[in-house]
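Generate the whole structure from the sequences, applying the supplied hints.
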Amino acid sequence: MSTTETPASGVGPVEGAPVYTVDTPAPLIEAPRKRTKKSPRSTRGNFELAAWLFMRLSGIVLVVLVIGHLLIQLVLDGGVSKVGFAFVAGRWASPFWQVWDLLMLWLAMLHGANGLRTIINDYAERPASRLWLKALLYTATVFTILLGTLVIFTFDPNIR
Amino acid sequence: MPAGTLYRGREGMWSWVAHRVTGVLIFFFLFVHVLDTALVRVSPEAYDKVVATYKTPIVALLEYGLVAAILFHALNGLRVIAVDFWSKGPRYQKQMFWTVMGVWIVLMAGAIYPVLGHAYRVLFGS
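Here the protein sequences line up with chains Z and H, keeping their order.
Quick note: the first sequence, position 130, residue 130 per the working numbering, numbers continuous.
Quick note: the second sequence, position 27, residue 27 per the working numbering, numbers continuous.
No lab work stands behind these hints, which were simulated from the structure alone.
The model shown is predicted, which means the values in this text are computed figures rather than measured ones.
Yeah, the Cβ is synthetic: ideal placement off N, Cα and C, and Gly gets one too.
Be careful, since some hints might not be right.
Among chain H residues calculated to face chain Z with C-beta under 8 Å, some are [said to hold, decoys possible]:
#1 R20
#2 F27
#3 F31
#4 P44
#5 L78
#6 I81
#7 D84
#8 S87
#9 P114
#10 G117
#11 L123
Estimated spans, in silico, between C-beta atoms of each pair [stated by the list, open to error]:
#12 Z/F155 <-> H/R20: 50 to 58 Å
#13 H/G4 <-> Z/S94: 58 to 66 Å
#14 Z/P127 <-> H/W14: 25 to 33 Å
#15 Z/A86 <-> H/W14: 40 to 48 Å
#16 H/W14 <-> Z/F155: 19 to 27 Å
This is how it looks when you write it as structure tokens:
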């Protein structure tokens, strides 16, 4: 008893597998978008997947960093009334708080920029509007990240 | 009389809308906040002058709004992560939304005195 038969219908042979076997008596039909050796290599990267994952991972870290920041600046020890140059100098004397603020700056800016990128993609329909809104967004984001980083690294408590 | 057919949204849709709105508000505040903090590189006086506006009653009220936006975005963000990564997340998304709202109300009640106490003392004396 043979395991393969030549199909009488128009079903062509599927790559690497006989059309009829004992286990698959019905004709085997290839999935429409199955990647095979013949299909061209994808030209798209995984940027959107990476961005999606980044939103979730940075979000978890930001919950800790930002709620800690709010507790220190707005709740503990007199709330906002104690904030001033001397308070900032006291906190940035410690590398721990410098790293905390630097990490918070980078993660929050990138998280927010990616969120706004999504919103522009959703609501701005004309190609020109999308281009200019994103150009503005990326410029403002790079400027703010660089400015904030510079301020943290070059902070001078004895500026005057 | 037939029931209305206009889709008015449920917990899932409205939490998505609120997540967007609070996210945009927080992002715009972040720009301003990095700029005002950058004044520590100008002079202590310039920084203290701009921080003084953060201590006025009207801005204190805005700070309370900022805390409201951040807490909602943080709690609902954790809910979104649970929906995406927890196998039973989608089934319990509605319960998780109301849990978020409950925790949010408790935290907002707890933030009234610390965030607005200073403004109260400015307006009505100690």
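Right, here's what the structure says about each hint:
Checking H/R20 against chain Z: minimum C-beta separation of about 7 Å stays under 8 Å; hint holds. Hint status for H/F27 relative to chain Z: holds, with the closest Cβ pair at about 4 Å, below 8 Å. Residue-level restraint check for H/F31 holds (minimum Cβ-Cβ distance to chain Z is 6 Å; threshold 8 Å). Because the closest C-beta pair between H/P44 and chain Z is about 4 Å apart, less than 8 Å, the hint holds.
A distance limit of 8 Å between C-beta atoms decides the matter here; for H/L78 the minimum to chain Z is near 7 Å, and the interface restraint holds. Among the interface hints, the one on H/I81 holds; its C-beta lies about 5 Å from the nearest C-beta in chain Z, closer than the 8 Å criterion. A distance limit of 8 Å between C-beta atoms decides the matter here; for H/D84 the minimum to chain Z is near 7 Å, and the interface restraint holds. Residue-level restraint check for H/S87 is violated (minimum Cβ-Cβ distance to chain Z is 16 Å; threshold 8 Å).
Taken as an interface hint, H/P114 checks out: its beta carbon lies about 4 Å from the nearest beta carbon of chain Z, inside 8 Å. Here the hint on H/G117 is kept, as its CB sits about 7 Å from the closest CB of chain Z, short of 8 Å. About 14 Å separates the beta-carbon of H/L123 from the nearest beta-carbon of chain Z, more than 8 Å, and the hint is not met. Separation of Z/F155 from H/R20 is about 34 Å and departs from the stated range, judged on CB atoms against 50 to 58 Å.
Distance hint for H/G4 and Z/S94: a CB-CB separation of about 59 Å, consistent with the stated range 58 to 66 Å. At roughly 31 Å, the beta carbons of Z/P127 and H/W14 sit within the given window of 25 to 33 Å. Range check, Z/A86 to H/W14: about 44 Å between beta-carbon atoms, so the 40 to 48 Å window is met. About 42 Å separates the C-beta atoms of H/W14 and Z/F155, a value inconsistent with the hinted range of 19 to 27 Å.
Hint check: violations occur at hints 8, 11, 12 and 16; the rest are consistent with the structure.
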